[in-house]
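One letter stands for each residue in the lines below.
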Amino acid sequence: MNLFFLSAGLLAPVFLVVFFILLLVFSGLAKKQRRELREIPGFLQLRKVVGQAVEAGSRLQIALGSRGLYDQDGASALAGLTILQRIAQAASISDSPPIATSGDSQVALLSQDTLQTAYRSAKAENLYNPLAGRLAGVTPLSYAAGAMAAIHDEQVSATIVLGHVGGEVGLLTAATEQTRGQSLGGSDNLSGQSVLYMADQEPIIGEEIFAGGAYLSSNPSHHASLQVQDIARWVVIVAILLGAVARMVGLL
Amino acid sequence: MKFSFSTINAAVAISAGLIVLLGYFLPGLEFIRSTVLGWASITAGFALLAGVLNLLSVHWAKITRTGGTAQTRPLGVYSVVLLSAFLVTLIVAGIADTSAWALWIYQYVQVPVETSLLALLAVTLAAASVQLLRRRFDVYTGLFMAAALIALIASVPLFGVGEVSLLSQARGWLIQVPAMAGIRGILMGVALGSIATGLRILMGADRPYGG
Amino acid sequence: MADIRCPMCGKTNTAGRETCRYCNARLTPLIAQPPAASRSGAEDVPDWLSSLRDGSQQDLGQESSFDGESEAPDWLSRLGGDAAAAPAQTEAVPDWFANLDGADQSPFASPVEPAAPAQPAASMSDAGDTPLPDWFMTSDSSNSTLDWLKLQDEQVAFSQQTELIQPAAPDLPAAPAGDAAEWQAETDVPDWMAGIQGQGDLAGWLSESSETPAADRFGLGDIGSNTFSTEPAAEESELESAEWLSDDQTGQSIDDWFAKTQGSAAFSQSAPQAAHTPAQPAPVEHSGGLPDWLSSLNEASPGSPEPDQDDGSPDWLDRVRARRQADEDRIAQVSPNEVVNPFVLSDDPENDLSFDWLNGSSTADEQEALAGSVFAAASEPEQFAPAVPADDTPDWLRNLNNDFGAVRSPAVTARLPELDDEEHFEAAAPVSGGQDEPDWLAELTGTPGTPVTPVTTASVPAFIGDEDPLEVFDEQPVYSQAAPDTSFGVTPDWLSSLSAEDAPPAAQVSEAEPSEQLEPANLPTWLEAMRPVDAVNLEAFDEASEARIENAGPLAGLRGALPAEIAMQGVRPPAPYTIKLPISADVENRLNVLKSLLESENSPTPQTQKAALSSSLLVRVAAFFILVLVAVLALYIGPDQSSPVLQMPAPAAVLGFHQQLLNLSSGSHVLLALDFEPGYSAEMNTMLQPLLVQLQRQGVFVTAVSSSISGALIIEQAQNDLAASTGDPLNPWRVQNLGYLPGGPAGLLAFALEPARIIPVDVIEQKTWADAGLNPAAGMDNFSLVIVATDSTRSVSTWAEQVGPLLQQNEIELLMVSSAQSAAVIEPFFTTYPPVVDGYLGGLSDASYYLLANQPNAAANGPLRMYEYAYSAALLAVVLFVVIGGIINLAAASLGVRKQPKGRSGRGEAKA
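Line by line, the protein sequences give chains B, S and C.
First residue of the first sequence: 1, per the numbering used here; consecutive thereafter.
First residue of the second sequence: 1001, per the numbering used here; consecutive thereafter.
First residue of the third sequence: 2001, per the numbering used here; consecutive thereafter.
By construction, these hints were calculated from the structure, which means they are not laboratory data.
Treat the hints with caution; some may be incorrect.
What the hints assert, rightly or not - If we take Cβ atoms under 8 Å as the criterion, some of the chain B residues that face chain C in the derived model are:
| hint | residue |
| --- | --- |
| 1 | Gly28 |
| 2 | Gln72 |
| 3 | Asp73 |
| 4 | Thr139 |
| 5 | Gly166 |
| 6 | Leu190 |
Stated by the list, open to error - Quick list of simulated restraints, FRET-style, between CB atoms:
| hint | chain 1 | residue 1 | chain 2 | residue 2 | range |
| --- | --- | --- | --- | --- | --- |
| 7 | S | Thr1066 | C | Lys2767 | 49 to 57 Å |
| 8 | S | Phe1031 | C | Ala2682 | 52 to 60 Å |
| 9 | C | Lys2767 | S | Gly1094 | 20 to 28 Å |
| 10 | B | Leu10 | S | Thr1007 | 32 to 40 Å |
These numbers come from a predicted model, not from an experiment.
No residue lacks a Cβ here, since even glycine has one placed at the ideal position from N, Cα and C.
Take the sequences, apply the hints, and build the full model.
This is how it looks when you write it as structure tokens:
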């Protein structure tokens, strides 16, 4: 067997175990002391947009993307659900509660549950509407079409993209712009990131979408995961450099 | 010890996730892993059905909504079209999912609609590219625009000119070195974020399933 | 004695003081003593005296039938208290007196039920409401009786405003007709009163002067009703007739009498009237009709009491006379400075009285002090010249007016504003007393022959507190040195010798102020700002000296009151002050914004009309037209054989792709995965056409699967397009359509491991794996090549990462056909070693290269070439559009920023 694949087969579980242990340790440490996070303009803009929507009584749309949990892109949907819960808690008192659209039925069901949990925590469960979490389309383009319809029909003032969306997110931003609303957010899809970079003032690039939980909530596990990610990133960087050097010298 | 639905949900989610994860590394858990994955696939099918029902409910609510003003009340025409198309497609596909009628719907309805959306997307992106410098004028925006233009120009032989060597090399270097590096970095970060998100769910710190 | 607390300011003063050293208020009330009845040698204390003694223990001024709201001044209370020190000799209240007010007790023994506060004090005229004693009422005197009672109304109304005791007017029994004795027996009228009756109609003399106020009849108004009526006149000779109490002959009002008699202002309701009426008291010529006891008083020589005059006077009167004589004798031996303590028991226990002033046992100093504290200021001392004590006139009474100026209660002063006016307190003309006028009275009234020793003091105010208390002690003597009138007893030495200079040291005003001067506190700025100190002209108050006496309003007669008029004149609007709150610049900015918002509320804001053609819409329209026109034009023109693309070497990926397909043998199986959306089907199907043609030409069996929901239809569409372009339409090339592969990467991995288990049959023809010539157990080993057609980078990475290692283990090549957007993602998998992807087609250009490589003779006007030609033209147009349009927008934005004020971005307008 290829040593490479063999090593890869062993490295993965070791990496995961170490990652898990560090996550536990830093979660415990985060309860006592929180480190200061760098400023991400996208989340600052998000806070501002949410506040403005609540004050104005306008509606927010949280686009969770068109990928499901079985996809590799499902993690971005989970990160989007975490941010959705925080937004829903903040906007539960709004005259127009937020809606969550997704292109996958599993994510749609989870968004309903997340909204209900948020309203329950905000002691406003009576204001929860099950149709607030909806399936807009089963394909990316049909999802974009459904989200565009929601922007026009629900008088959405701001569209927050938090999930896996491709180039079709340009349609959402164009529809939001036509209604004189705001669009912001991020995607783990490269095409979506490119489009959002052009459309938004403060786009959320790449893995920053997974940091939303730490920036919008005080959950120690989110802060801990950021710290572990930073550590793992440096580990990967060092491993790449060492591998490149080893490849150059002929070891690999 | 007090049990609640939230606790049961967390226990099921954590145990299933651990089984699938460990099944990738431990030899004896392959069967369990495949079984759990099979259950997940079946559950996904039912979730798809629930999602479709949710979609129908939303559009039915739009049709039957009476409150609000004429400006705020959504147009129910598109919802009527959607529901009608759903019913027709359901009937046709129910008979035969690859029948001529289904193929006709796919070929003359679905494909043109999505193609039009993509065409609209192309125009929108072109217009957004034109206004990008006016909306945000900084160094990174300039680099972004320059890279995009070089990639576009060098992707195909220039019309009437053909392939320009310099442009081809520049495009090649641009895609293979900085773009690919950025892509790999972003994907790597996304991967790490996905790992952290998944592990938080396995820990029970994040519970998107409620509770 | 304990320190005296001033009733006005509440500050403590040393004992013995008459006036408060702070506010000059009278500390001790003036008590108008009843006319001194002839002293008898009786040892019994007169009832009225004892009742006075007892009643003084109580609150004399609490209730009265006239004024239910009056309260006893402190001086009177103290008098009562002092009186309490002395053994009170309780004595049964005479019935006649008890019947006066309808009560069994003397008004001094028990408080009289007050009248309703809202109602004026019951006056004598209201005797109709309360039963008057029979002796008081006559058949024809009802009216007359009521007349003077009515007259009392006026005085009562004034008395309500005073703090003075307003003793209840006793309800005198109606004078019945008939024998006096009989009457007396019926009404328990004392003998002296009966004597009066014997001399005539009792009520007659009371009602004789019907025009005269009732106060005149008694001489002291209510006082007379209280003090003088507690004990009936023992003898007519001792008590003069009512006429002497009235001045009807002279037509003088009770005020004049007051001026004459130097009655206590505390008891005199007519005091203010006395103050207001500057009429000189005319001598009153008493005609007959005086009670014998009163007449006897007149007949008695001053200083020669006739205690033994058996004229029907009560014994107590006889005793008083006797003691008075004794006191006079003793006083004559006492130095002027010696004050007779009226409360000191006399040496003669038999003649011991509660009030030592009656026996003159007190020292002159004490008398003086007590006089100063007891007797309120009266009018001008000259007016109320301390009549040389006649034989029958007690010194206290004689010198009564002299003490009026000692201390003046500010409250009283306030209510008697006229008292301050010295002009009002003119020397009261002595009442011309007739033969029956007692000497003491004559002295009081200044009748001829009566030596009147003017009070050498300064103007003696008519009321309490009217005069500077110091003045009392500044001049002397307060009381004359005339022989005291012993008619009522010996004037206390202290009273007779009372003078300002003889004021006891304790009574000396202590000018010592608290040595410790507190420094004014520094108030906080916010409190200082709240003080409207500037609103009041404090100087105006300074102008109001203590000498100023209030002459109007409820504070009439009060000295030293803050003048409202002057204060109002000096009132200035409070100085404007600003409360400047320290605010930060941020707050100030927000305030300015708020201010501008408020100012702009009423100003109409022009509605910004939404532009029908916004810049964004124009750009979109322009891009649309450019792209469409270019593409249509390129399609119309079409490529030719000399297109540059055909002359360029194909990329390595294309060559590798082509080579892998050429290596396929006939009858092999290829897995074709169509992972693209229906929207990309036009591009993808165009790119797959050459591939499918080659596979068909080589006789390769294709098994198609799709991760898209519309996968089955996508495969069918691709198959039909192939059949339409090539092949035999009647016998189309069939592809095993496995349909939709759910589960994403997990499903794909599962399919890669066990494809026959995941998708066992064909979706269209229902063929199993065996029917298709595949080994269900072999899994992916059934396939020689795997081709993935996708439009997303995620699908590329999924196939390359999930299925690629497994295919490499089985040595199965992996080819990819992707859209131009995903080509960059595939290249690393192609260039790596061992490569995961053995070849790929990235976009229409690569597909055109493949077509030319596979089919060199392919028509140039084929769909692939046409689309590629149009794609390149449109791409160039987009690039030019973006470059030119970007430059124009940038220039417009720069110009717009220059026009707008600094700090304002133009992003909003750019969006519009």
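Comparing the hints with the structure gives:
1. Taking 8 Å as the C-beta cut-off, the interface hint given for Gly28 of chain B is violated, the closest approach to chain C being about 33 Å.
2. Hint status for Gln72 of chain B relative to chain C: holds, with the closest Cβ pair at about 6 Å, below 8 Å.
3. Here the hint on Asp73 of chain B is kept, as its CB sits about 6 Å from the closest CB of chain C, short of 8 Å.
4. Among the interface hints, the one on Thr139 of chain B holds; its C-beta lies about 6 Å from the nearest C-beta in chain C, closer than the 8 Å criterion.
5. Interface restraint check: Gly166 of chain B against chain C, minimum CB-CB distance 7 Å, threshold 8 Å, status holds.
6. The interface hint given for Leu190 of chain B holds, since its Cβ lies 6 Å from the closest Cβ of chain C, which is under the 8 Å cut-off.
7. Distance hint check for Thr1066 of chain S and Lys2767 of chain C: the Cβ-Cβ separation is about 53 Å, which falls inside the suggested range of 49 to 57 Å.
8. A C-beta distance of roughly 44 Å is found between Phe1031 of chain S and Ala2682 of chain C, which places it outside the suggested range of 52 to 60 Å.
9. Between Lys2767 of chain C and Gly1094 of chain S, the C-beta spacing of about 22 Å keeps the proposed range 20 to 28 Å intact.
10. About 35 Å separates the C-beta atoms of Leu10 of chain B and Thr1007 of chain S, a value consistent with the hinted range of 32 to 40 Å.
In summary, the structure is inconsistent with hints 1, 8 from the numbered list given earlier, while agreeing with the others.
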